[in-house]
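Trainee: Here is what each chain is made of, one letter per residue.
Protein chains: 2
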Amino acid sequence: MTSQRFSDLEIAGVYRAINERRDMRHFKPDPVPPELLQKLLNAAHRAPSVGLMQPWRFIRITKASIRRKIYDLVQLERLETSREIGLKDSSPRETEFMRLKVEGILECGELLIATLCDQREKYIFGRRTLPEMDLASVSCAIQNLWLASRAEGLGLGWVSLFDPLELSTLLKIPTDAKPVAILCLGYVEQFYKKPMLVEEGWAKEKSLSELVMENSWHAI
Amino acid sequence: MTSQRFSDLEIAGVYRAINERRDMRHFKPDPVPPELLQKLLNAAHRAPSVGLMQPWRFIRITKASIRRKIYDLVQLERLETSREIGLKDSSPRETEFMRLKVEGILECGELLIATLCDQREKYIFGRRTLPEMDLASVSCAIQNLWLASRAEGLGLGWVSLFDPLELSTLLKIPTDAKPVAILCLGYVEQFYKKPMLVEEGWAKEKSLSELVMENSWHAI
Chain U
1 MTSQRFSDLE IAGVYRAINE RRDMRHFKPD PVPPELLQKL LNAAHRAPSV
51 GLMQPWRFIR ITKASIRRKI YDLVQLERLE TSREIGLKDS SPRETEFMRL
101 KVEGILECGE LLIATLCDQR EKYIFGRRTL PEMDLASVSC AIQNLWLASR
151 AEGLGLGWVS LFDPLELSTL LKIPTDAKPV AILCLGYVEQ FYKKPMLVEE
201 GWAKEKSLSE LVMENSWHAI
Chain W
1 MTSQRFSDLE IAGVYRAINE RRDMRHFKPD PVPPELLQKL LNAAHRAPSV
51 GLMQPWRFIR ITKASIRRKI YDLVQLERLE TSREIGLKDS SPRETEFMRL
101 KVEGILECGE LLIATLCDQR EKYIFGRRTL PEMDLASVSC AIQNLWLASR
151 AEGLGLGWVS LFDPLELSTL LKIPTDAKPV AILCLGYVEQ FYKKPMLVEE
201 GWAKEKSLSE LVMENSWHAI
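Which chain is which? The protein sequence lines are U and W, in order.
Mapped onto our numbering, the consecutive letters of the first sequence carry residue numbers 1 to 220.
Mapped onto our numbering, the consecutive letters of the second sequence carry residue numbers 1 to 220.
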């Protein structure tokens, strides 16, 4: 039974990546070496996918002008989000939100857009009742990228503050595909010790014991 | 820059977990020790989440009668899926599908249901335009669980062949929550060398180079 278990140090590496991975918004501008980027994308590409559909696509943004336009789109959505938080919650919460750094698009070494692929309706296996499993697969790919990046000493931030239709227009993404993540990747001064939203007092973490139930749903 | 990088052996552990993780359908019945299960669930709980909403909930199935009912639900959906594959593709494809082993629900040591939590509409940060980011967070948690399990020598299978409404009724899951995964976890005889759907000839893997574009969408 133990033969399939990794060595203690390998196991420690896996848990360390899981525990020290952070959603990063602060970056150093140093570029990511191309061979390292390839290695990281390959880790993403090794993700599980529903019916092996591999629905992830990545668009590398290498033009500064496009990077700037993506930044502008996120700023617009940041304001819209702040407004909606103000409506639902209270005005101080809106101000708190606007104080948070929510992305590192202009500073990060490498900017990637992750999208769901086009022509997904032909994939039925595991998706007849749950078509959104394609997003689940792309998310697993991004989590692979995140963990491999952390192990290599790079930070990653997943930004979802954007209008997917606007971003699709900008990047000529077909109407049956869909961007789901702006990924800021790169070297960082330091990793946050805790999730940034906890450090900044925006949110508190729940304990695991609140989230595990037995045999049926019930409040714990 | 290198100080944030893990040791070579730790890094190797991370890539090994990523490369050797498989979506398992064959299990040995040995139980998963409770302290190991706790460690694995804790790895899941360390996942990133949109606005720190931590939308994952896990229901452990410990009653054999409920496990059996879940198995029955999956068998029903398997037939429905086969029928739809037959309609869209051709009859041999339908037969091929029915030959595949698609779950290990009755054999695996531990059965978990992962659900999206209830009352998600109050979370706006990162979800105003992309409410489905809650599923992305749950998927990252499951990927953490998958990789940590592989490192510990355990297999995991994500089964999405079920009607979420039927499963919700069975497990008393509230209407504003949603089950997204039946997770079969446990010891295995051996891990598939390649994804099982590749080994069985159901699907071919795409190469990474087909999936990476630059600055805008275009066929490669």
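Careful, some of the hints might be misleading.
One copy or any two copies: either way a pair holds, since identical chains are not told apart in the list.
Cut-off 20 Å, straight-line C-alpha distance, at most; resulting in silico cross-link-like pairs (SDA-like, lysine to any residue) [unchecked claim]: (1) K204 with E20; (2) K194 with P164; (3) K101 with T169; (4) K28 with R83; (5) K204 with D8; (6) K39 with W202; (7) K193 with R68; (8) K206 with G153; (9) K194 with R128; (10) K193 with P164; (11) K122 with L87; (12) K39 with A203; (13) K204 with L116; (14) K204 with T129; (15) K28 with Y71; (16) K172 with H26.
Simulated from the structure, these hints should not be mistaken for laboratory data.
For clarity, every value in this text was computed on a predicted model and none was experimentally measured.
Trainee: Run through the hints listed earlier and report the numbers of any the structure violates, in increasing order.
Mentor: As far as the earlier hints go, 2, 3, 4, 5, 6, 7, 8, 9, 10, 12, 14 and 16 are violated by this structure, in ascending order.
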